[in-house]
Amino acid sequence: MFPPAGLPLPGELLLITDELPSPADFLLHKLLADHLKHVRGSGTQTRCLVLATVADPARWKHIAAKSNVNLDQHVASQRLMFIDVLGRVQSGETLRPLYDIVQAELGKAAAEDEGRTLVILDDLSPLEWVGYTTLELARFSRALSAASRKANAALVIRHHTVTPGDPDDLLRHLLQLAAYHVDVRPLASGRSGAVSGEIALHAGACSTPTHQVKAIPRSSALQYRLTDAGATFFDKGTSAGVL
Amino acid sequence: MSSFKRRTTTKQAPTPVGARISPGATSSFITSTGIPSLDDILGGGLPLSCSMLTLAPDAHSAYGELVQKYFVAQGLACGQKVCIVDEGVDGFLSECMWTPGAASNPVPAPAADDEDEAKASGEDAKIKIAWRYEQMKQFQTTVPAQNQSSEDYCRVFDLTCRIPEDILKSAKSSGQLMSAPVQSEEDSRPGSSVLSALEKILAEHDQREGPSVPVRICVPCLGSAEWGDFTQQDICYFLLWMRNLLRRHPTACASISLPPHLCADSWGGPGWVQKLGWLVDASITLAAFTADPSLTAMFPSHHGMVHIHSLPAPTTLLSPSDKFSTLRGLSSSGENNLAFKCMRKRMVFETLHLDLEGGVGDRRTTPSSSASALNEAATSVHAAGLRPGDIAAAASGGAGAAIVVELEQVKTTVPQAGQSDKLETETPPATVKKLKAKKKVGFVSDRPDLYDF
Numbered sequence: 001m002f003p004p005a006g007l008p009l010p011g012e013l014l015l016i017t018d019e020l021p022s023p024a025d026f027l028l029h030k031l032l033a034d035h036l037k038h039v040r041g042s043g044t045q046t047r048c049l050v051l052a053t054v055a056d057p058a059r060w061k062h063i064a065a066k067s068n069v070n071l072d073q074h075v076a077s078q079r080l081m082f083i084d085v086l087g088r089v090q091s092g093e094t095l096r097p098l099y100d101i102v103q104a105e106l107g108k109a110a111a112e113d114e115g116r117t118l119v120i121l122d123d124l125s126p127l128e129w130v131g132y133t134t135l136e137l138a139r140f141s142r143a144l145s146a147a148s149r150k151a152n153a154a155l156v157i158r159h160h161t162v163t164p165g166d167p168d169d170l171l172r173h174l175l176q177l178a179a180y181h182v183d184v185r186p187l188a189s190g191r192s193g194a195v196s197g198e199i200a201l202h203a204g205a206c207s208t209p210t211h212q213v214k215a216i217p218r219s220s221a222l223q224y225r226l227t228d229a230g231a232t233f234f235d236k237g238t239s240a241g242v243l
Numbered sequence: 001m002s003s004f005k006r007r008t009t010t011k012q013a014p015t016p017v018g019a020r021i022s023p024g025a026t027s028s029f030i031t032s033t034g035i036p037s038l039d040d041i042l043g044g045g046l047p048l049s050c051s052m053l054t055l056a057p058d059a060h061s062a063y064g065e066l067v068q069k070y071f072v073a074q075g076l077a078c079g080q081k082v083c084i085v086d087e088g089v090d091g092f093l094s095e096c097m098w099t100p101g102a103a104s105n106p107v108p109a110p111a112a113d114d115e116d117e118a119k120a121s122g123e124d125a126k127i128k129i130a131w132r133y134e135q136m137k138q139f140q141t142t143v144p145a146q147n148q149s150s151e152d153y154c155r156v157f158d159l160t161c162r163i164p165e166d167i168l169k170s171a172k173s174s175g176q177l178m179s180a181p182v183q184s185e186e187d188s189r190p191g192s193s194v195l196s197a198l199e200k201i202l203a204e205h206d207q208r209e210g211p212s213v214p215v216r217i218c219v220p221c222l223g224s225a226e227w228g229d230f231t232q233q234d235i236c237y238f239l240l241w242m243r244n245l246l247r248r249h250p251t252a253c254a255s256i257s258l259p260p261h262l263c264a265d266s267w268g269g270p271g272w273v274q275k276l277g278w279l280v281d282a283s284i285t286l287a288a289f290t291a292d293p294s295l296t297a298m299f300p301s302h303h304g305m306v307h308i309h310s311l312p313a314p315t316t317l318l319s320p321s322d323k324f325s326t327l328r329g330l331s332s333s334g335e336n337n338l339a340f341k342c343m344r345k346r347m348v349f350e351t352l353h354l355d356l357e358g359g360v361g362d363r364r365t366t367p368s369s370s371a372s373a374l375n376e377a378a379t380s381v382h383a384a385g386l387r388p389g390d391i392a393a394a395a396s397g398g399a400g401a402a403i404v405v406e407l408e409q410v411k412t413t414v415p416q417a418g419q420s421d422k423l424e425t426e427t428p429p430a431t432v433k434k435l436k437a438k439k440k441v442g443f444v445s446d447r448p449d450l451y452d453f
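One line per chain: the protein sequences are U and L, in this order. Quick note on numbering: the first sequence equals residues 1 to 243 in full-length UniProt numbering. Quick note on numbering: the second sequence equals residues 1 to 453 in full-length UniProt numbering.
Honestly, the hints are just simulated from the structure, not real lab data. Worth double-checking, as some hints may not be accurate.
[Stated by the list, open to error] For lysine to aspartate or glutamate, the following DMTMM-like pairs were computed, each having C-alpha atoms within a straight-line distance of at most 25 Å:
hint, chain 1, residue 1, chain 2, residue 2
1, L, Lys-169, L, Glu-134
2, U, Lys-61, L, Asp-206
3, L, Lys-345, L, Asp-40
4, L, Lys-323, U, Asp-84
5, U, Lys-150, U, Glu-105
6, L, Lys-345, L, Asp-158
7, U, Lys-66, L, Glu-87
8, L, Lys-169, L, Glu-335
9, L, Lys-137, L, Asp-292
10, U, Lys-214, U, Asp-235
11, U, Lys-214, U, Asp-183
12, L, Lys-172, L, Asp-322
13, L, Lys-345, L, Glu-65
14, U, Lys-150, U, Asp-100
15, L, Lys-200, U, Asp-100
16, L, Lys-172, L, Glu-134
17, U, Lys-236, L, Asp-322
18, L, Lys-137, L, Glu-350
19, L, Lys-323, U, Glu-105
20, L, Lys-323, L, Glu-65
21, U, Lys-236, L, Glu-335
22, L, Lys-200, L, Glu-350
23, L, Lys-345, L, Glu-199
24, U, Lys-61, L, Glu-165
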């Protein structure tokens, strides 16, 4: 039911925003597992880059194991790479070293003429909170999306919304770059045992009319419930807790 | 021969000291914070490799620090390594609580209630309960302390006891208790020297002891004056780096508090508390009532509200707390409101409920004071009525009939009794005054036999 078919579009940026009570981890894990299982994209060889500000490969592995994906195998065959963002840019004001690594990896993938590549940037916002300027981050994300577009790789960036209803400058920049924007929110009525949150899908500034991915407006947002293995999606008002 | 084979379990790492396997994820270990009800909120305990942030934005109380002291005391009691990052470590340690002395109090009750609570439950037993409700279990607002078998996992601490000096000394000499000083000078970024010191300690520990002994890192006051000029970005950097550090050393866990004025959005700008919640694994706010007298009046039995921002989920999508926490109660329906209180001997996290009958502050765990006053009054009326008169006079009516009247009518009936029976002119006026004094709002408390069918 979600994400719609073909959603991390090759060469485009998919922006995911979430809030503290409803983290979008489950979407990132689902995108990664689907990509490695060749559910999305037809290529036989797939590559995946995960850039994470909290370097926690163990968690990725444990959660992927729940959906029958053995990440160790993919790491060993060099089709999956975890990059510790904070370790790479530790000393310095610029994110250039990180960009260089990603670009080199994308170039390698393009040279080998492999199938599709997926780049996941897990959390852009902590970089802003630890002191990188909005300008630097906007430049970095622009360069990253340009590089992935060149290599025809799908790019997924996650950004945290800390002031709901009041988008920050970085989010405005990202919306200009994104083809689609997935907005994950908690329920307005507070935490519930039956419904974990709701998802809306908006078209971004860079979406082209040829893509034909149906947007999900906020008014009829899709609801989800987290389980051990992932999430189950259902339409508003049809959860087990309601019926 | 059966073709089924028992799947041999892979060799599992031994459980670290003072830890147990998380109920939600078999691959992660949890350890206690020292407060059983807080453990329940976290889903059994704080998982190793995770960091917990306790925010206490109220400047007049120190509940955040109290949680840190429990964390340290529990670490020392169960034999884990403890590393405190603070300036006045000795002062901090001297205020830590400890288990009640083994010699003086050999069998501490596992459900360690305060004496008054135990007495109250005794009184409860005397209340007559309608048969259909009698079978129901007692209404509970918190989780009980662990039973004896798992006592080592979470000790029962007593806030009136302090850590004995000799235990501190031996812990320091054996290296169980470490401290990292806060240096604010010659840092490229404030706090970075502390982080590198912690990294060194953890690396040494991993080499020497391996995963069998967990390390607890306690930062009681991150960003206070001793830390120098800490900005929002420095705090974010410290927390993010600490979280990465713990992921690299999965046998360690950390508990962090901020000084009160840094715990609110007013210091860090809009969304500050949310940011902090993203940068740690578990983040809770203890919002004490002390600053607001109206809240104190509204919830007289609690000391503050508990707000949960984020909860640890080290190896799963769903936090184990969502499934296993009794206090949060998410498994059945929506989330409960939580509050905390700090009694003479312990700190407790509880579910918050509005009072019965709306507006009466005291819980009916003891018979209401007006009911006992009535008994007392009734006996004195007995005495007044019967002392001078003979039993025959009482039996014939007259003064005897005045005994069973209700509280408000006593004043009028006693003079009547005096009139009808000329002998009893010396009825003491003092008892009449005593009867008038008691007045209660809310309950119809002058009828103790209301539920006596």
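Structure-based check of all given hints:
A distance of roughly 53 Å separates the Cα atoms of L:Lys-169 and L:Glu-134; the hinted pair therefore is violated under the 25 Å criterion. Proposed proximity of U:Lys-61 and L:Asp-206 is supported: the alpha carbons are some 23 Å apart, at most 25 Å. Taking the CA atoms of L:Lys-345 and L:Asp-40, the gap is about 19 Å. The hint holds against a cut of 25 Å. A hinted pair counts as satisfied when its Cα atoms are at most 25 Å apart, and L:Lys-323 with U:Asp-84 does not qualify at roughly 31 Å.
Taking the CA atoms of U:Lys-150 and U:Glu-105, the gap is about 13 Å. The hint holds against a cut of 25 Å. With a C-alpha separation of about 5 Å, the suggested pairing of L:Lys-345 with L:Asp-158 holds against the 25 Å cut-off. At roughly 45 Å between alpha-carbon atoms, U:Lys-66 and L:Glu-87 are farther apart than 25 Å, so this suggested pair is violated. At most 25 Å may separate the alpha-carbon atoms for a hinted pair to count; L:Lys-169 and L:Glu-335 exceed this at roughly 44 Å.
Taking the CA atoms of L:Lys-137 and L:Asp-292, the gap is about 35 Å. The hint is violated against a cut of 25 Å. A hinted pair counts as satisfied when its Cα atoms are at most 25 Å apart, and U:Lys-214 with U:Asp-235 qualifies at roughly 15 Å. About 14 Å separates the Cα atoms of U:Lys-214 and U:Asp-183, which keeps this hinted pair within 25 Å; it holds. This hinted pair does not check out: L:Lys-172 and L:Asp-322 have alpha carbons roughly 38 Å apart, beyond 25 Å.
The suggested pairing of L:Lys-345 with L:Glu-65 holds, with an alpha-carbon distance near 16 Å, which does not exceed 25 Å. For the proposed pair U:Lys-150 and U:Asp-100, the alpha carbon gap of about 14 Å is at most 25 Å, so the pair holds. A threshold of 25 Å between alpha carbons decides the hint, and for L:Lys-200 with U:Asp-100 the separation of about 30 Å lies outside it, so the pair is violated. Distance hint between L:Lys-172 and L:Glu-134 is unfulfilled; the C-alpha atoms sit about 54 Å from each other, more than 25 Å.
At most 25 Å may separate the alpha-carbon atoms for a hinted pair to count; U:Lys-236 and L:Asp-322 meet this at roughly 22 Å. Simply put, L:Lys-137 and L:Glu-350 have alpha-carbon atoms about 17 Å apart, close enough for the 25 Å limit, and the pair holds. For the hint pairing L:Lys-323 with U:Glu-105, the CA-to-CA distance comes to about 41 Å; that exceeds 25 Å, so the pair is violated. Only pairs whose Cα atoms come within 25 Å are accepted, and L:Lys-323 paired with L:Glu-65 is rejected, the gap being roughly 28 Å.
Between the alpha carbons of U:Lys-236 and L:Glu-335 the distance comes to roughly 20 Å, so the proposed pair stays at or under 25 Å and holds. Distance restraint check for L:Lys-200 and L:Glu-350: the Cα-Cα separation of roughly 39 Å exceeds the 25 Å cut-off, and the hinted pair is therefore not satisfied. Note on L:Lys-345 and L:Glu-199: the hinted pairing is violated, with a Cα-Cα distance of about 36 Å set against a maximum of 25 Å. Restraint check: the Cα-Cα separation between U:Lys-61 and L:Glu-165 comes to about 46 Å, which exceeds 25 Å; the hinted pair is violated.
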